[in-house]
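The listed protein sequences correspond, in order, to chains A and B.
Everything in the first sequence is counted per the numbering used here, starting at 1 for the first residue and increasing by one.
Everything in the second sequence is counted per the numbering used here, starting at 1 for the first residue and increasing by one.
Treat the hints loosely; a few may be bogus.
To be verified - Cβ pair distances, simulated, as ranges: (1) A:K109 - B:G294: 31 to 41 Å; (2) A:V44 - B:L136: 34 to 44 Å; (3) B:L480 - A:V132: 51 to 61 Å; (4) A:P138 - B:G294: 52 to 62 Å; (5) B:L186 - A:F51: 31 to 41 Å; (6) A:V132 - B:S201: 17 to 27 Å; (7) B:G195 - A:A18: 12 to 22 Å; (8) A:V44 - B:F189: 19 to 29 Å; (9) A:A125 - B:S201: 13 to 23 Å; (10) A:K69 - B:L136: 53 to 63 Å; (11) A:Y37 - B:K459: 48 to 58 Å; (12) A:I15 - B:M411: 49 to 59 Å; (13) B:E200 - A:A125: 57 to 67 Å.
In case anyone wonders, no lab produced these hints; they're calculated from the structure.
Positions of the beta carbon are idealized from the N, C-alpha and C atoms, including for glycine.
Residue strings, one per chain:
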Amino acid sequence: MSLKLDDFIGIIVIILSAFLYFLTNDLPEQSAFFPKYLIILFGVLGVILFFQSFKNKREQSKESSFSMKNLKDPSKALGLLIVYVILINLIGFFIATTMFVVVFMVVFKEKSFKKVVLTAVLLDAFLYVLFVYQLNVPLP
Amino acid sequence: MNIEILSSVFAQLFTLEVIVALLIGVVGGMVVGALPGLSATMAVALLLPLTFSMGTIAGLVMLTGLYTSAMYGGSISAILLHTPGTPSSAATALDGYEMTKQGRGLEAIGISTISSMIGGVFSALVLLFLAPPLSLVSLKFSEPEYFLIAIFGLTIISSLASDSVVKGLLSGVFGLLIGLIGTDILTGFPRFTFGISELESGISLVPAMIGLFSISQVLSQMEAIRDAKRNQINKVDGKVLPSWTSLKKIGPTITLSSVIGLFVGMLPGAGGDIGSWVGYNEAKKLSKNPEKFGKGCIEGVAAPEAANNAVTGGALIPLLVLGIPGSAVTAVLLGGLMIQGLVPGRDLFTVHATTTYSVIVGLIFANLLMGIIGLLAAKHIVKVTNISFSILIPVIIVFSLVGSYAINNSMFDVYVMVFFGVVGYLMKKTGFHPAPVVLAIILGPLAEGGLRRAMVMAKGDFLLYLFQRPISVVLIIMILLSILSPIILNYRKKKKEEEVAL
């Protein structure tokens, strides 16, 4: 038997609510009251989702959207974003931003060299004027 | 509203800061609306951090101007490119693009601009006069009602925004659980913080919102980045200013559509997309020659455009009066209000009257300004659709990051944004919707506080106490209806489909 997407989500929700319910034991009774009921509701909805998708065998259209082909570019973008965030901590905001914009555009096939440089420079200048100069937000 | 408030409203509005903010909102909204793939919700979420360091009125006028202008902006690309910039303009593409093919593109833009402007101004005027008396209702509310109204707001958006009711409610409860993270205000005890000190003040709303609406949208767009092709902009001809005869012809259509849009907007859960289709269908039904619809008739452009802009004022009524946002955009706007320390209800029209009326009058100006700029510049604005996504996406990502950071000057908020970006993207892919999560993060603390204080007031049997309060009973019935009606509608639809299949 193969698990379908919604079955899978249902199971995750049920496990998550069991874990969260366990955590509420450490809380004072007053603070735990609302979360407890909420977590029970979360778990019950997870169970309903599980059985609903278990019964509905014919709906399988959604899974195809999780193909490698569809996920490849979004995961690349996410990877670049995460590296960008790490770089900000290491080498500062403006250098990291310039690198991110240039690399992103090269990876996703922006051919015109002029456009790549122009976008990076204009963006940096705009952010500097708006945040550092105008709004006094010190960027990292 | 008396003369005194009116004069201070005008004094507040005609400052350089507000006028600049209004211009940014209107032009920005038009551009974002015209760009397919960028939504008004995303734009409002991205600009929200900026309003932080602006005056209250300037910030809110910018956001509401952006909202109404994005509704109109979608029609520019719908008419000239046959690609609706927003779902709200899908109906406009039917007749609008036909007109472009006939060489009447500019005429269609003119009709759409005038209709949008009238629809928008009409609904903002109704908002101005209807919201204050309606807000008296909220005076009758006490703790139990605050709790129930928060739950009602959640159930209504949950049941309408997702693939199924269960998934919608799951998104809502998930958001409520996120809202629990942080120090419990009543006992001072940290909940679900896992020892991370940054979590003690709770998940910051704005980074979560930017992640859920903006980063998730960007990731979705990435799927198609390689198939992106340049839009062929047709040669635009014709006169932008509609003639007197065509204005007389579309007059009744605009009037009807404005009223329809207003009511659709007031309904929680229904937004511009539904409004414009209802407006289009009603105009077709009442027309003397319905066969002309779809072949480039001006009523077919006027009807959906007047309706979707009339939705904006309508949608702000339940938002300002009760704090129930009917759509993703208004949920973000609610966040914007809260950031400025404005809580929906009667107070908005008494204590904060000047601010509130300034924002509403500002919305009227935004619609007028949108009309003027639209008539002058729409054919140039369509050129922005030529900017490729490989430029737009990194720019949007950088803005999202800076916006999330700038709210508290904290890198932790940036991590929050990335996390919710991934969550939002996965939710969209699995048939969930991020809007209930955002709303739940906003309403969660209100609901819990209301519930716990109401329990104290009840002194015993809580349910019995609720049933002794008439407004509570009405709210409970509305909550049940909002959960049950989609289930029943679905069941009947399925049954019909089975009958057809047999």
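Hint check against the structure, violated hint numbers in rising order: 9, 11, 12, 13
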